[in-house]
Amino acid sequence: MSQDAIQAQIERVSAVQQKYADQLMRIPGVVGVAVGFATKAGAPTQEVALIIMVQQKMPETQIIDTKMVLPHTLDGVRVDVQETGLLTSF
Amino acid sequence: MATDPQPIMQAQAMQAQANHEDQLLNKNNVVGVAVGFKESHGVVTEELAVIVLVQAKVPLAALSAQDVIPKEIDGLKTDVVEVGYLRAQQTPRERFRPVIPSGVSIGHYKITAGTLGTLVKDKRTGDVLVLSNNHVLANSNDALIGDAITQPGPMDGGGNPADVIAKLERFVRLRFTDDTDNNPPPVNPPLVNPPPTTPDPNATGCNILGILIAITNFIASLLGSTNRVATIPTPQTTDASVSAPTAVTVSAQAIPTNTVDAALARPVDVAMFADEIRQIGVVNATKAPALGMQVRKYGRTTELTTGQINLLNATVDIAYSTMNGQKTARFTGQVISTAMSQGGDSGSLIVDSVENRAVGLLFGGSQLATIFTPIDTVLNALDITL
Chain A
1 MSQDAIQAQI ERVSAVQQKY ADQLMRIPGV VGVAVGFATK AGAPTQEVAL IIMVQQKMPE
61 TQIIDTKMVL PHTLDGVRVD VQETGLLTSF
Chain B
1 MATDPQPIMQ AQAMQAQANH EDQLLNKNNV VGVAVGFKES HGVVTEELAV IVLVQAKVPL
61 AALSAQDVIP KEIDGLKTDV VEVGYLRAQQ TPRERFRPVI PSGVSIGHYK ITAGTLGTLV
121 KDKRTGDVLV LSNNHVLANS NDALIGDAIT QPGPMDGGGN PADVIAKLER FVRLRFTDDT
181 DNNPPPVNPP LVNPPPTTPD PNATGCNILG ILIAITNFIA SLLGSTNRVA TIPTPQTTDA
241 SVSAPTAVTV SAQAIPTNTV DAALARPVDV AMFADEIRQI GVVNATKAPA LGMQVRKYGR
301 TTELTTGQIN LLNATVDIAY STMNGQKTAR FTGQVISTAM SQGGDSGSLI VDSVENRAVG
361 LLFGGSQLAT IFTPIDTVLN ALDITL
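From first to last, the protein sequence lines stand for chains A and B. Per the numbering used here, residue 1 is the first one in the first sequence, and the count goes up by one each step. Per the numbering used here, residue 1 is the first one in the second sequence, and the count goes up by one each step.
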């Protein structure tokens, strides 16, 4: 994919990120939202996605309240959940 | 098996070295003498030689006769190897005098220790200043202009006034999530639970009220009524028709955001500072962070490390341990890389691995990630240049 195409995707995902950031940040366990390449089996793909950073990743099947399951897409943009742990100042 | 001739050869070589060592070390540019295999065109041969270590290789023509290294000594070949200037390896946690490079331990006299990021120039006055984080140089806001900055930082033995090398010049205040009302317990936003409505897809920037209501509805729908969220109070009584006061309440509770954790200190004596980062060198240009970019940093704790940028435009909540307890600060527009730092590396300059250009200012992370602010955001916030 060309740099321009990636840049266009980044801008599109950023807009969706901005729209939902506050809501997503209020979900317990969510420590951040950002733009990055979606990962598949731990390896980055070429698809720019909205990344939700969580303190600890959980299998969806273990989340009792289905409303707490993070979305897979938002406004047609792919959402990828990545575990970062608790973020602290260094 | 034939007798290995090597030990005998080695003894001979060492004897030759001993016979001529003082004489060799007296030559200009020679920093060491040893025994090793001779190298020929970059390939190690099997021939033992007296190895002469020099700071820099110099063409024969440029040497005075007495500084020329003989081709042979006591029948053994010599080999000249360039090793640069040799000195005892100092860790960045030590006291650096008379010259302080960037990348070493530094800190406000009341903190533990962080990293001296780099030297910068004040855009207005042209003065040379030291760049690091607010939580390194300004004790997470709990500091006064002119406060003492030590090298190394207090945790590494830096004392006030013996090790004071700079004074706090200015800083960008950190806005903590819980600061609006002096250290209250974490408060959850008041939630309204109006009749279900669909968020207005036509809501625009001017329809702030509509957006706020839509957001609030979304949250209410997220926070159901199961055990998992039972600890979160969900007032059910708010009348959605009283929309104006509700919106005001929500906006008053908006979480303050930050763009940088940065501060400047004024050197007590500029001449003490070397404008280069340990093991990285001089950095005087910038580069915007990009996905996949390879970066490195030199810092007080993990020293030289490399990483890759994975996330851009990040909004993140960062936990701070302050003298007033644990606080949280929300940042927008940040960059996240693979893990390449630990506590004490804060303030390190993030530099791109290819062109040695400044990309960001490190200030936090976890075992899985490192967080930094794009360099342009830092320079603009403090009105400085590299």
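Hints are computed from structural coordinates only; laboratory data are not their basis. A hint or two may mislead.
What the hints assert, rightly or not - Selected chain A positions facing chain B (in silico; Cβ < 8 Å):
id, residue
1, Ala34
2, Gly36
3, Glu47
4, Ile51
5, Val81
6, Gly85
7, Leu87
Ideal Cβ positions, reconstructed from N, Cα and C, are used throughout, including at glycine.
Against the earlier hints, flag every one the structure doesn't satisfy and list their numbers going up. 3 and 5
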